[in-house]
Amino acid sequence: MISVKNRAQHSSSMKWRYIKQRLFFAVVTSAVALIILSLGGILSYVFINGIGVINWDFLTQHPRDSMTAGGIMPAIIGTFYLTLGAIMIALPLGVTSAIYLSEYAKQGALVRIIRIGINCLAGVPSIVFGLFGLALFVVFLRFGSSILSGSLTLGILILPTIIGASEEALKAVPQTFREASLALGVSKWQTILRVVLPNALPGILTGSILGIGRAAGETAPIMFTAAAFFTAKLPHSIFDEVMALPYHIYVLATAGTHIDQTRPIQYGTALVLLALVLGVDLIAIVIRGYVRRRKRW
Amino acid sequence: MINNGIINNKIIEVRDVHFYYGGFKALTDVTMDFEKNKVTALIGPSGCGKSTLLRLLNRMNDLIDGTRVEGRVLFEGENIYDPHVDPVEVRRRIGMVFQKPNPFPKSIFSNITYGPRLSGMTRRDELGALAEQSLRRAVLWDEVKDILSQSAMMLSGGQQQRLCIARALAMKPDILLMDEPTSALDPISTAKIEELIEDLKKTYTIIIVTHNMQQAARVSDYTGFFYIGKLIEYNATEKIFTKPDVKQTEDYITGRFG
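Protein chains in written order, with this note's numbering: chain A, 1 to 297; chain B, 1 to 258.
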């Protein structure tokens, strides 16, 4: 009797467990579905609305008729310069900081505080970076609103990403490589240069490319430091203002006198920006995949 | 019984060494001499301090944060822990082979020439000759002479370990430290490395840490038995493995513990 009763209880508790499992899986699956749907939604919405204006002229011409016609070439060029400048500033600074943190610094309170600082920097709203850049580079250092100021601001913005990725990449290099090199009577610096860095390079590159994507897409940091509503000519020096894709979208959609007329151009610009950022991310993914296949330790 | 008296031609003298990992004391009052051009084996159960002592001899323990050494380690009469001694220079003269083969993910040739190149040897023909010589010494030349430009990661574990030995030899060290060099290898590769050790001791002083008592008996001239951070017994290998003075040593080598 008792055993039969137990078995009944047992089976009902099994059923309940089974239901719980199904429920949990359903929740998890729908969370994923929601994310993919919203991503797909955004992408296809921008694509459908923007694809109409995309053609060769749109990518290679200056804007005309108060932005209501023509292309966005100066904004593409501007975003290219700003991003290039940002990475040229952030990459050397970020990689050397990461080398210090992971290879040289004695792990302790100081390094912990520096790490917290870097993480905080990563969490600062981008508009704050913009205001900081305005105060320091544009006004105090008198760089004006320029490619230089904008690149510096964006460089600081993506610094935490690059430091983080570089540190991870350096840490992922097996300790046995360092030992092998040092045991051969090779100095620490040479060991880092010849063994650690080359093996960390792919990870550093992946992180940097993600940083590039971020820098290309940000509006707020360049709003006061680099971006212009319209420039008649392409920039000639790093002290010139530039047009930039994210800012172009922003002003056309909010500040222009022809907001409704320029709607297709706004979507077209957004599509170009999205394609650029996704393209850059894709490069990162391909590099990572390539390196994973080559790695054998 | 610690019979340092039997060592005539001392190349390394460890004197009153204590070693700490943070608050943990890993070695207590170790005094031990090493004979030139002989093989000395360090044996003992896991955690007994034998690897720690080995890594003290070329200052590899420097790399671990929070460690502390007391006492002296004399290499050809000079204390390698003296503040003016450059650990990089010490490691150039005292090479090391690790438990797991650790070639760089570079070509076989680059692995061998890595050290010499960074200490200033640049001429291609010199490097080539050195690579061949080192690989021959490590009895690997015939197996790899046609694939020198291929990745060292392609080699088998045993070949990788001999490559690591060749890489260490290319620096022309005086001493070769080996930290359980065969524990990750199959019996055939192990036999090859043991043969190699036999051959290398004509030119080099070899100090080898091993878990494998038969190996210690086969390859070494002297054996030191460690237990809980202390050197318990040190003597000619034959003596240790036939008539040890200390009961603990006998218990360990006969497999009663460890």
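Watch out, some of these pointers could steer you wrong.
[Said to hold, decoys possible] Short, incomplete list of chain B residues facing chain A, as computed with Cβ under 7 Å: (1) Met1; (2) Val85; (3) Val88; (4) Arg92; (5) Arg117; (6) Gly120; (7) Met121.
Everything labelled a hint here was simulated from the structure, so no lab data went into it.
Idealized CB from N, CA, C, for every residue including glycine.
Results of checking the hints against the structure:
Because the smallest distance between the Cβ of Met1 of chain B and any Cβ of chain A comes to about 33 Å, over 7 Å, the interface hint for this residue is violated. Because the closest C-beta pair between Val85 of chain B and chain A is about 13 Å apart, greater than 7 Å, the hint is violated. Given the 7 Å rule on beta carbons, the hint for Val88 of chain B holds: about 5 Å separates it from the nearest Cβ of chain A. With a least beta-carbon distance of about 3 Å to chain A, the hint placing Arg92 of chain B at the interface is held under the 7 Å criterion.
At about 9 Å, the closest approach between the beta carbon of Arg117 of chain B and any beta carbon in chain A exceeds 7 Å, and the interface hint on this residue is violated. A distance limit of 7 Å between C-beta atoms decides the matter here; for Gly120 of chain B the minimum to chain A is near 12 Å, and the interface restraint is violated. Hint on Met121 of chain B is violated. Least Cβ distance to chain A is approximately 13 Å, over the 7 Å limit.
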